[in-house]
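This is what each chain is made of:
Number of protein chains: 2
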Amino acid sequence: MPKITDFLTELQAQLSTPQGRGIKIKQDPRTIKRFNHDNSYHASRDPAAVISVKTEDNVSLVMRLANKHAVPVIPFAAGSSLEGQTLALDHGIVLDFSDMDKVVEVHVDDLDCVVEPGVGWSELREELKPTGLFFPPDPGAAACIGGMCGTNCSGTLAFRYGTMKDNVLSLRVVLADGTVIKTRNRAVKSSAGYDLTRLFIGSEGTLGLVTQATLRLRRIPTHSTVIIAQFPTLASSAATVQHLVQSGCPFLRLEIIDDLCIKAVNNEIPDPSKKFAELTTIMAECAGTSQDAVNEQLEAFKAACGTIAQNVTMATTEQETDRLWSLRKRAFFMAPSLRHAESEQGKQFSTIVTDVAVPISRLVDILVATRKMVDEARLVSPIVAHAGDGNFHCLMVVDKNDKDEIERAKKVRDDMARLALKMQGTCTGEHGVGLGKIHLLEEELGEGALEVMRRVKKALDPKGILNPGKVFLEKKGSKL
Amino acid sequence: MPKITDFLTELQAQLSTPQGRGIKIKQDPRTIKRFNHDNSYHASRDPAAVISVKTEDNVSLVMRLANKHAVPVIPFAAGSSLEGQTLALDHGIVLDFSDMDKVVEVHVDDLDCVVEPGVGWSELREELKPTGLFFPPDPGAAACIGGMCGTNCSGTLAFRYGTMKDNVLSLRVVLADGTVIKTRNRAVKSSAGYDLTRLFIGSEGTLGLVTQATLRLRRIPTHSTVIIAQFPTLASSAATVQHLVQSGCPFLRLEIIDDLCIKAVNNEIPDPSKKFAELTTIMAECAGTSQDAVNEQLEAFKAACGTIAQNVTMATTEQETDRLWSLRKRAFFMAPSLRHAESEQGKQFSTIVTDVAVPISRLVDILVATRKMVDEARLVSPIVAHAGDGNFHCLMVVDKNDKDEIERAKKVRDDMARLALKMQGTCTGEHGVGLGKIHLLEEELGEGALEVMRRVKKALDPKGILNPGKVFLEKKGSKL
Numbered sequence: 001m002p003k004i005t006d007f008l009t010e011l012q013a014q015l016s017t018p019q020g021r022g023i024k025i026k027q028d029p030r031t032i033k034r035f036n037h038d039n040s041y042h043a044s045r046d047p048a049a050v051i052s053v054k055t056e057d058n059v060s061l062v063m064r065l066a067n068k069h070a071v072p073v074i075p076f077a078a079g080s081s082l083e084g085q086t087l088a089l090d091h092g093i094v095l096d097f098s099d100m101d102k103v104v105e106v107h108v109d110d111l112d113c114v115v116e117p118g119v120g121w122s123e124l125r126e127e128l129k130p131t132g133l134f135f136p137p138d139p140g141a142a143a144c145i146g147g148m149c150g151t152n153c154s155g156t157l158a159f160r161y162g163t164m165k166d167n168v169l170s171l172r173v174v175l176a177d178g179t180v181i182k183t184r185n186r187a188v189k190s191s192a193g194y195d196l197t198r199l200f201i202g203s204e205g206t207l208g209l210v211t212q213a214t215l216r217l218r219r220i221p222t223h224s225t226v227i228i229a230q231f232p233t234l235a236s237s238a239a240t241v242q243h244l245v246q247s248g249c250p251f252l253r254l255e256i257i258d259d260l261c262i263k264a265v266n267n268e269i270p271d272p273s274k275k276f277a278e279l280t281t282i283m284a285e286c287a288g289t290s291q292d293a294v295n296e297q298l299e300a301f302k303a304a305c306g307t308i309a310q311n312v313t314m315a316t317t318e319q320e321t322d323r324l325w326s327l328r329k330r331a332f333f334m335a336p337s338l339r340h341a342e343s344e345q346g347k348q349f350s351t352i353v354t355d356v357a358v359p360i361s362r363l364v365d366i367l368v369a370t371r372k373m374v375d376e377a378r379l380v381s382p383i384v385a386h387a388g389d390g391n392f393h394c395l396m397v398v399d400k401n402d403k404d405e406i407e408r409a410k411k412v413r414d415d416m417a418r419l420a421l422k423m424q425g426t427c428t429g430e431h432g433v434g435l436g437k438i439h440l441l442e443e444e445l446g447e448g449a450l451e452v453m454r455r456v457k458k459a460l461d462p463k464g465i466l467n468p469g470k471v472f473l474e475k476k477g478s479k480l
Numbered sequence: 001m002p003k004i005t006d007f008l009t010e011l012q013a014q015l016s017t018p019q020g021r022g023i024k025i026k027q028d029p030r031t032i033k034r035f036n037h038d039n040s041y042h043a044s045r046d047p048a049a050v051i052s053v054k055t056e057d058n059v060s061l062v063m064r065l066a067n068k069h070a071v072p073v074i075p076f077a078a079g080s081s082l083e084g085q086t087l088a089l090d091h092g093i094v095l096d097f098s099d100m101d102k103v104v105e106v107h108v109d110d111l112d113c114v115v116e117p118g119v120g121w122s123e124l125r126e127e128l129k130p131t132g133l134f135f136p137p138d139p140g141a142a143a144c145i146g147g148m149c150g151t152n153c154s155g156t157l158a159f160r161y162g163t164m165k166d167n168v169l170s171l172r173v174v175l176a177d178g179t180v181i182k183t184r185n186r187a188v189k190s191s192a193g194y195d196l197t198r199l200f201i202g203s204e205g206t207l208g209l210v211t212q213a214t215l216r217l218r219r220i221p222t223h224s225t226v227i228i229a230q231f232p233t234l235a236s237s238a239a240t241v242q243h244l245v246q247s248g249c250p251f252l253r254l255e256i257i258d259d260l261c262i263k264a265v266n267n268e269i270p271d272p273s274k275k276f277a278e279l280t281t282i283m284a285e286c287a288g289t290s291q292d293a294v295n296e297q298l299e300a301f302k303a304a305c306g307t308i309a310q311n312v313t314m315a316t317t318e319q320e321t322d323r324l325w326s327l328r329k330r331a332f333f334m335a336p337s338l339r340h341a342e343s344e345q346g347k348q349f350s351t352i353v354t355d356v357a358v359p360i361s362r363l364v365d366i367l368v369a370t371r372k373m374v375d376e377a378r379l380v381s382p383i384v385a386h387a388g389d390g391n392f393h394c395l396m397v398v399d400k401n402d403k404d405e406i407e408r409a410k411k412v413r414d415d416m417a418r419l420a421l422k423m424q425g426t427c428t429g430e431h432g433v434g435l436g437k438i439h440l441l442e443e444e445l446g447e448g449a450l451e452v453m454r455r456v457k458k459a460l461d462p463k464g465i466l467n468p469g470k471v472f473l474e475k476k477g478s479k480l
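Which chain is which? The protein sequence lines are A and B, in order.
Taking UniProt numbering, the leading residue of the first sequence gets 1, the next gets one more, and so forth.
Taking UniProt numbering, the leading residue of the second sequence gets 1, the next gets one more, and so forth.
Worth flagging that the hints you see were computed from the coordinates, not collected in a lab.
Accuracy of the hints is not assured; some may be wrong.
[Said to hold, decoys possible] Below, simulated DSS-like cross-link-like pairs (lysine-lysine); rule was C-alpha separation at most 27 angstroms, straight line:
{"no.": "1", "chain 1": "A", "residue 1": "Lys463", "chain 2": "A", "residue 2": "Lys475"}
{"no.": "2", "chain 1": "A", "residue 1": "Lys475", "chain 2": "B", "residue 2": "Lys347"}
{"no.": "3", "chain 1": "A", "residue 1": "Lys182", "chain 2": "A", "residue 2": "Lys263"}
{"no.": "4", "chain 1": "A", "residue 1": "Lys422", "chain 2": "B", "residue 2": "Lys475"}
{"no.": "5", "chain 1": "A", "residue 1": "Lys182", "chain 2": "B", "residue 2": "Lys68"}
{"no.": "6", "chain 1": "B", "residue 1": "Lys182", "chain 2": "A", "residue 2": "Lys475"}
{"no.": "7", "chain 1": "B", "residue 1": "Lys182", "chain 2": "A", "residue 2": "Lys400"}
{"no.": "8", "chain 1": "B", "residue 1": "Lys463", "chain 2": "A", "residue 2": "Lys463"}
{"no.": "9", "chain 1": "B", "residue 1": "Lys422", "chain 2": "A", "residue 2": "Lys458"}
{"no.": "10", "chain 1": "B", "residue 1": "Lys475", "chain 2": "A", "residue 2": "Lys68"}
{"no.": "11", "chain 1": "B", "residue 1": "Lys182", "chain 2": "A", "residue 2": "Lys458"}
[What the hints assert, rightly or not] Far from chain A by the CB rule (all over 12 angstroms, computed), these chain B residues:
{"no.": "12", "residue": "Val103"}
{"no.": "13", "residue": "Asp109"}
{"no.": "14", "residue": "Glu126"}
{"no.": "15", "residue": "Gln297"}
{"no.": "16", "residue": "Glu342"}
{"no.": "17", "residue": "Leu421"}
Here the structure is a predicted model, which means the values were calculated and not measured.
Glycine residues also receive a C-beta, built at the ideal position from the N, C-alpha and C atoms.
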């Protein structure tokens, strides 16, 4: 790989310049291993080097040289992506943003803040707490703003506040050739030319690298209550959510956790009296600027649950709120515990996570069909749903060494996505395309839309060095 | 213009084919005159021809031939744009979408609908009323969905529901060469590849032509009340709005109408007892799913008004609501009445509308500075503000034949925009760039961002036939 050598030599020579100061080049096996995978089931890929950056100037320098030498660059902060977005294909270098983690400005009076891409949303939430403001998107706990822009993520609060697209006002971006641009100013509304902010959001690092993001903040609701209700079937819980969404009631969150998922979370609860009944559960958060607003949502929730629901439980203390939310928060991590007995025998597991979303009226249909597919494929897979948005995840716990099981899981993932497409839904509600859904994206949008994406990519990154091999193939029918 | 002749000849020959059926070619002076201007102060430009289309197939055919002959195509539906977006530069043809005005599907259970670009938002609102749902963006009354996508418009409801970007789920678009694509499916959340929906929204017809839009609908609030309060100064009204926005209270609308604007609207009210006091006025709409929710907002509003506000008036009947809203609705149309005496002398007036938006904490500063600029330039200009979004319009009523006055108005427009940029705001909150703000867009975003837009444009429309000369100049420093 002579181009890598030339690139690294030239970069090395720049480390003492003002633009290069702060850059660290790492090629030791331990660092390579830390940056060769993400949170997904995709096979690890060793980067040729890991370059840590501290400033926008650093990023611009790296990109100028990488472009000159046609070296692929893969952005990385938390590595919490679920579709292989941070894997270093084509012997590229990983650009490590974890040191660009400053909250640059907080404008309390404008309800916005400016942050670097390595800032984690959960740390940001802590830091902002004294201001009474917060940034709504809440994906996996480790996720950082840079990657969150990349995948257009969301989480449990999207039902009220929308996804990253709806919560980022502006970006500073380094392009493939090292040019730095800003996409917008800080006004909450703007029609100033093409919406470059939202062109970069969701582009998974293939069009440019975010070096600063201006985030729209919201006031933390002064009043909120978590309520859960349990249902005899997945279908009856989903039907209840459909009804609640159609009613227009402004819940803060509206989630479904299926019976198997409850079972997994129960595995972590030692005290039998604290375990939850293993039934599919709707978890809602009712919130507003007054207790009246909360009560109104609670009443609507209870009314919709009717007589079918069991164990309607409202959190009355912070401790109880935490206990109820732990159900949702622990789902991803506890899913493998369903195969604990096999782990004891030395088997190793990973989780293949699906991510389809459908128009809300189809939620019952797709959940019922999905449960059937999963069962028929003999897979262990809890289901959690950002039900208010018609979006859900199967957490398919597969034996890393059981090729047949993995193939069955991939088939279910594809079949489920194709069913969602038939319902005019999407193969990815919030995790992005990465490596795992390239074939599905083309089925979803068709060749024409893919060709537009390719042309935009080519226009902004003519050498194809930014996160190559992700989202779509560079040419129709080409293979990775 | 031989290319036009060749294009029209070839198109004419296709009119009896399945793809061409429904197309009408018009070149009579009356039609040319109807389609040679928009709602702005920009000078009219005669198109070479007006082509009326009825189907997506028609649009695709026209584009294929226009691309072949390099004929510029300017999309047109209502012609209600305020920055010259529909003017036929470069001897182009106008593509008239007003016959593509079908509501194709309404999915009540999914809270969305599919419409053609010639559907007007106000007609759509009427049509949807029986379903209990509505589409929030509410720009000028005549505006159609196609143009609304083009400018990423919004209106008085953006404070709660956002702009077009936040309310369009998916588009079908005909590209420069006639290719038809869809940008998304109907799920409310999707991370499926680049966000082409939002690339086309706000591109003012320069990247592709919308032939179908899937719109997100909301439930009409079951309870709502309009309340107004009048203030001794523009500054005190704006300070009150800033405070209300910062409080996070979820008003439906939050508008400011200045004293001069009230005077203009009063000109239309014959009964002196029905006229409004000529004071700057905040108009809020409080709305929700219960009277409690409304009352909470009303109380927050009254508390923020404190003792400074006068004439706090709440609408208790539908008639009173209409009366209060007429203040805002009639502003644009009544502004010229401020120069009625001169009209009587035979002078002709047009209105130059500005459209800056700033971060909310700067609303007082920019409004006060703007009022000073306008007064110092001896202009007659009411101010109306979508205050909750930090967005406002000066309605500068200028004598069409007074070149000096027009120059003064343009200077104020530019000075005001530059002041907004200093405050990290935008030169256009919702009307778009069109012809009138090309120079300001470059100041706002810088050459790097403009170059990205040019590259995207070149990638999707290599011959530059889609609405040429709008949004930005094709080359840096080039003139129209």
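Structure-based check of all given hints:
1. A:Lys463 / A:Lys475: holds, 13 angstroms
2. A:Lys475 / B:Lys347: violated, 61 angstroms
3. A:Lys182 / A:Lys263: violated, 48 angstroms
4. A:Lys422 / B:Lys475: violated, 44 angstroms
5. A:Lys182 / B:Lys68: violated, 36 angstroms
6. B:Lys182 / A:Lys475: holds, 19 angstroms
7. B:Lys182 / A:Lys400: Given pair Lys182 of chain B, Lys400 of chain A is violated - Cα atoms ~38 angstroms apart, limit 27 angstroms.
8. B:Lys463 / A:Lys463: Holds, because 23 angstroms separates the two Cα atoms, which is no more than 27 angstroms.
9. B:Lys422 / A:Lys458: Violated, at roughly 34 angstroms.
10. B:Lys475 / A:Lys68: holds, 25 angstroms
11. B:Lys182 / A:Lys458: With a Cα-Cα distance of about 20 angstroms, the restraint between Lys182 of chain B and Lys458 of chain A holds, given a limit of 27 angstroms.
12. Val103: holds, 17 angstroms
13. Asp109: violated, 4 angstroms
14. Glu126: Nearest chain A Cβ is 20 angstroms from Glu126 of chain B, so the label holds.
15. Gln297: Nearest chain A Cβ is 9 angstroms from Gln297 of chain B, so the label is violated.
16. Glu342: holds, 33 angstroms
17. Leu421: The assertion about Leu421 of chain B is violated, with a minimum of 7 angstroms to chain A.
Against the hints set out earlier in the document, violations occur for numbers 2, 3, 4, 5, 7, 9, 13, 15, 17.
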